[in-house]
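Note that the protein sequences, when read in sequence, are chains B and U. Heads up: the first sequence runs through residues 1 to 312, numbered per this note's numbering. Heads up: the second sequence runs through residues 1 to 330, numbered per this note's numbering.
It is worth saying that the hints were derived from the structure and are not from the lab. Honestly, I wouldn't trust all of these hints.
Unchecked claim - Capping the alpha-carbon separation at 25 Å, the derived lysine to any residue pairs in SDA-like fashion look like this:
1. U:K149 x B:L215
2. U:K74 x B:G100
3. U:K149 x U:R120
4. B:K224 x U:A278
5. U:K149 x B:K224
6. U:K149 x U:S37
7. U:K149 x U:F98
8. B:K224 x U:R27
9. B:K63 x B:K224
10. B:K224 x U:G181
11. U:K149 x U:T293
This structure is a prediction, so every number in the text was calculated from the model and none was measured.
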Amino acid sequence: MTSQTVVTPPSQVAAPPQQRAPVSGTMHRVQSRAFRIGRWVVIAAFLIATLVPFYYMVLLSVKPIEALLSDPGSLTVKPSEFTLQTYVDVLSPVASGGQGFGRFLANSAVVALASVALALLIGIPGAYAIARLPFFGRRQITGIFLAAYLFPAILMAIPLFVGFTRLGLRGSLVGLVIVYTAQTVPVAIYMLRNYFETVPESIEEAGLVDGLSRLGVLRQISLKLAMPSIMSTGLFVFMIAWNEFLFALLFLVDRRERWTVSLGLSQLSGSVEIPTTVLMAGSVVLTLPIIIIFFATERLLTGGLTAGGEKG
Amino acid sequence: MSTAVTDETPTPTKTSAPKKRRTLTQRDARLGLWLMSPTLLIVLAIVIFPLLWSILISFQRMRLIEIGRADFFKPLTLANYERVLGSSAFWNSLLITFVYTFGSVVLAVLLGLLAAMAVRQPFRGRTLVRASFLLPYVAPVVAVTFIWKTMLNPQFGIINQIGQSVFGWDEPIPFLSQTEGTWNLFGLEIPVPTALLTTIAFEGWRYFPFAFLFLMARLAAMSGEPEEAALVDGATPWQSFRFVVFPQLVPIIGLLAILRTIWTFSEFDDIFLLTGGAAGTGVASVQIYNYLTVQRNVGAAAAQSVIMSLVLIVLLGIYLLVLRRRGERV
């Protein structure tokens, strides 16, 4: 605070020093120019590195395997070769000669949506409690959650594998949902808590004074105010559950009819009989929902941020 | 909230008013525990309890076929630890894990810093550029590893095609299946662990967005005044980065390094999907998986995972010590 008051006077009379700046030599100008150009080179390089692989994925998914093998260096698709048969092949059920990704998509969707529902159902009350209610051990719980979030999944994999086998939950989608919920609830609580804390307490107290119970306040006031935050938390959980690989592999590998898209693609990509282009179509099918959600949340998040800015 | 009590003046009616307050607080506290309990239950059951059980299993003999009959009261033994620590594969995989972790963390943070500095000044299309930078991080790991595997394929992958036609490579490079290749640099033949370097490059590509996000947020929150002052005083852009901007980023870089180390050290998906742990990329987590599914030895897998956590904890301890000595708050 004090430094600001010291700094402001000189910056108000900034005109003379600006004229002085060029005097400081050519080094300055050379570097400035190098930084200006270098910046665009860097941005271009990063764009190529991040976008080309995804372009390559889409490209390969719309050409027949023969076209890829005859001209592997090509980065375009000839109109005569363009095909969507790869998508038909990958999505249709095994019984009709496809790879059964339609089924995998349904499995992934069920698992991810159930995880979102459960994580929010459990996480919203928890986040509200941590943000607002002074219960015993509140601070320690945050620490436990942080540790749970940081702890590597592979370390829980063995006991969960053993335990779920004993309970008969391994090999079922329910087991997967339980694990995903446990993995995402700590993050969900963290995200939601931050939001609940920004809701002015006076609004909630007004609700209490008007005769609402705490739960009534949570349901009728805080939840509505926190809707954007709940949405983005839900989408975040969805993305984690949709992308997850390790537990799907451990729990479901020997039951093809229950594979998720991630597991299906990883299992089938080792096979020589399935053309790479067909698997690329599977890869697009796996990636597309995430990309759509990602661009949707980006806007949602920035929207939430600017809304907060207007108020503050 | 609780300060409201002190606002009240000590009047004769005092007895009833604070009492009501306190019961409200007490009710709130009880409700808080209730609201918290489902979360507590699932985290205890699925995270905390398994961690403890994993330690117990590591001291018991357990084969994969017996897990249907697993119980807590089997006799304890050190056999699993003897087996894991006694195998040369363990020490080799530990070394690989260290190299892999160090290389990946440094690369990801450096790339993230470079990207964050590049898009710092506003320009048209910045939002779109920023979103594109995040793609490798948000896309499903199975999809991006599959794309990389295809791009690096020696027969028809685009990288080897371009390498041969544009850069004049004599033969395709088996990026993901070659344990050791030689780089011919000015007549010197330098041996390089090809597959390991490729997986590190993949980690840099996939996780730089994470560092990018954190650093961008820090840069945006940074006051521009010290930098302006430095420029006015004749500092070059490099000097202003080195002496004004960078020091302010050091704490967040330390935090990033810690988080990325935790996650990279135990990374399983990326390596398993890219190389399956072959060609000199058998990191510790892939070994755990192999103990479990190939050797079908649950006890040894648990022992290795416990050892891995201990190494990780020691590593983090050293990190924190170094950071504290340098006077950074983490």
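Now the hints, each set against the structure:
no. : hint            : verdict
1   : U:K149 x B:L215 : 52 Å, violated
2   : U:K74 x B:G100  : 43 Å, violated
3   : U:K149 x U:R120 : 33 Å, violated
4   : B:K224 x U:A278 : 52 Å, violated
5   : U:K149 x B:K224 : 46 Å, violated
6   : U:K149 x U:S37  : 45 Å, violated
7   : U:K149 x U:F98  : 24 Å, holds
8   : B:K224 x U:R27  : 23 Å, holds
9   : B:K63 x B:K224  : 48 Å, violated
10  : B:K224 x U:G181 : 60 Å, violated
11  : U:K149 x U:T293 : 24 Å, holds
Against the hints set out earlier in the document, violations occur for numbers 1, 2, 3, 4, 5, 6, 9, 10.
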